[in-house]
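Each protein sequence line maps, in turn, to chains B and A. All residue numbers for the first sequence refer to our numbering, where the first residue is 5 and numbers rise by one. All residue numbers for the second sequence refer to our numbering, where the first residue is -18 and numbers rise by one.
Keep in mind that the hints were calculated from the coordinates and are not lab data. Certain hints may be false.
[What the hints assert, rightly or not] Here chain A is said to cover these stretches of chain B; the calculated rule only asks that three of the stretch's residues, wherever they fall, bring their Cβ under 8 Å from a Cβ of chain A:
#1 132 to 145
#2 182 to 190
#3 206 to 214
#4 218 to 227
[Said to hold, decoys possible] Among the chain B residues that face chain A by a calculated CB cut under 8 Å, a handful are:
#5 T102
#6 G122
#7 V123
#8 R125
#9 P126
#10 P242
#11 A245
It should be emphasised that the depicted structure is a prediction, and the values quoted were computed from it without experimental measurement. Just so you know, even glycine gets a beta-carbon here, dropped at the ideal spot from N, CA and C.
Given next are the chains, with one letter for each unit.
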Amino acid sequence: MTTHGDSATRSGAPAVAARTGPPDAAEEPPATTGDDSLPGALSGLRAAIGATRYPLALPSAGSARHTAAALTDQLDDYLLPRLARLDAPLLVVVGGSTGAGKSTLVNSLVKARVSAAGVLRPTTRSPVLVCNPADAAWFRQGDLLPGLTRTTEPSDDPRALHLVTAPALPPGLAFLDAPDIDSVVDANRALASQLLAAADLWLFVTTAARYADAVPWELLRSARARGAVIAMVLDRVPAEASDEIAAHLAEMLDAQDLGRAPLFVLPETWVDGQGLLPEAVTAPLADWFARLAADADARAAVVRQTLDGALAALHPAVEELADAADEQVAAADGLDERVRAAYRGAERTVEQGLQDGRLLRGEVLARWQEFVGTGELFRTLEARIGRLRDRVVAAVTGRPAPSAELRNAIESQLVTLLRGVASEAAEATYTSWKAHPAGAGLLEPTLAHPSDDLPERAERMVRDWQRGVLELVRVEGADKRFVARTAAYAVNATGLAVMIAVFASTAFIPTGLELATGAGTTVAAQAVLQAIFGDQAVRTLAAKARGDLLERVRTLLDAEADRFLSRTTDARPDAEVGDGLRRAAGRVELARHRSGLAADEEDSR
Amino acid sequence: MTNITGRIREAFRGDQRVDPDALIARLDAVRRFLTAVDGLLPDAELVPAHTLVERAGTRLALSRDHTVVALAGATGSGKSSLFNALAQLELSPVGVRRPTTGVTHACVWGPLEGANRLLDWTGVLPRHRFVRESALDADDETALHGLILLDLPDFDSVQRSHRLEVDRLLGLVDQVVWVVDPQKYADRVIHDSYLREFHRHRDVTLVVLNQATGCPRPSCPGSWTTCAGCSTPTA
Ligand SMILES: Nc1nc2c(ncn2[C@@H]2O[C@H](COP(=O)(O)OP(=O)(O)OP(=O)(O)O)[C@@H](O)[C@H]2O)c(=O)[nH]1
Ligand SMILES: [Mg+2]
């Protein structure tokens, strides 16, 4: 066995003792008794993390969900119970690649076969915790890693924790043999990261064949980022390659800013009949742990360093969550804006259709001409074009049928327009959501079209509007005598004239007239039109009717837009959650500085 | 298990190779199919077929007399040792420092001239091309004429560029021998990124379990087992 590097700093004594300052710093009791706001701040942070969801399928959402779950686990598994009991035994989690010899090493260190080692990869599926009998009560009571069920029998259940006692292990220090980090068994990797997040000290095991593998280095970098105390074991090193490989690994550790981690190089050897490594091989590692177990100050320093590192790492991790939550809100806003833009466009199209005379065509125009421009009744009006109401009363009294037809024509023309704009808006929104990563996930095929009952609702809406126009004529007819004199037909006819006036805004009356003339109406019909549109009373009523129609169109289209908007409403997090997370993390950071855990770290720099 | 270099060499013998004429006929059939369905099937679905026809056409135009076989595997699995053992020459440096091989090495059985265009296409540098031909060779060596063996870098080390090189070459070679070892055979990267993918190519895929006696020295070429066509040893 060789240990690499200067024995005083590498492995002569637990490296953290030198790193964490004088013992009097460790003697201060603030985190245990003086300051209970740290656990309070942590509970607040836990609640804030638990209350935040990332339902929109944004690129940041998956990793935010993962981070949130990992942070919650770490708070429950380690930070909260560890803060409550700073003097509890130190937990060494043994992690690394499959087949690196983790189980073999743990067995050899405690001089008993506590964890099965084997040739089939991967072997360990369920964690095994070994401690001195004196420490068993603490680990059994389940404050630490509360999600794992304690068992006394070996098992393959990843939610179980096999507790074993070993008298050869000194009190104050326990080993946890973790599943691998890199095999095809995904559950192993997930469990290993959870366990490593609950470690006071990471004992990272690699081999001569594996020390340059990419996967373990990713994990080592994350451990460094969390400020966890790490010790490295380079196992199964052929004697003749020892110097070269150990130097290379030390170089790699330096390059990753992990040069202070003690590195133990264990030579390749044969395991004995029990599957244990020869004592001579494990002695330097065993001695290092024995010294750590015997020195309460050194142990406390390890615990405080890892704990403080983990607490400090919360802030950037929560910042990531807050950003992801903000992105959710922004994305929901962006999706809503796409919906509003499409349906505003639909409204504008309707508005324009009312202005440019395009509705005063075809069936409506034909019925209108029929209504005013033909028949016997019209001839009676020809000679004397008096006040509108006279004409209208006369016209309608004589011709009830065309009025019904005109009304139907207006209705169907409007409904056609509404169906068209609603289809366009639905399609446009659907397409633009589909192109948005979060939008695509909220869609279902029916949203590409207007709702099924849109035609019925549009018809009802138009009929309601027409009734409303008649009501308007009745109530607001400026001339009381007119109201008094009008029969139902008169109101009806005036209403129709108002509706036509809505369809042909002043700007386009000439067009309407040309059309009317071109279609072969008599000069008199033209005169009627002029009289109608020139009449101030009709113009005022038409403006009101137009406003009313647009209002109803808006309501109808809003209901269509709501089919989309309700989806973002369901998915949208509260706009405040991002800042809520930041505030909670800020409180933890403040409490951490006050707790005195951080003071150690600063002293050592 | 009998001597594995022997078994691998057996698998590479000239008489077991694919008949290029049969291959060309099949490629022609795919090409005719593509012409026939042009405009009838969605273009996006046909991209892999077009790529195949194009790449296979290029490959066959470069040489019909060679078979390019790549040794692929994790760092430390023993690719270079196996390469050297098959060539019976120390061509590719073997080392304890991981990863050792950073560039692809090639060994050609037969004259180099005919293979050069193919090796240019695969991008193996001239100084890493070797010829395995000797007047002293016995008949079983001539049976391997036309074999081009490639020793690839690893795909799982911290050197990301190695993996890029491997991924590039795997799309060009005719056959792949996956070299796995008892420590790493169940690594996720091997299965998720490679063996699962290559399941579709099992007739041109060979998996070799290296260092199977648990020999502590990674360079010991004494013990190899093969399982041709087997893509998930753990299954
Ligand atoms: N020759 C030799 N074999 C070893 C050594 N260490 C471990 N082994 C063997 O390597 C194999 C794997 O060892 P394990 O201890 O099961 O490895 P592990 O890291 O726990 O593996 P997983 O549980 O799969 O993560 C076993 O067959 C051990 O007997 C060693 O130093 N020398
Ligand atoms: Mg194990």
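task: Mind listing which of the numbered hints don't hold for this structure, in increasing order?
output: Failing hints, ascending: 1, 6.
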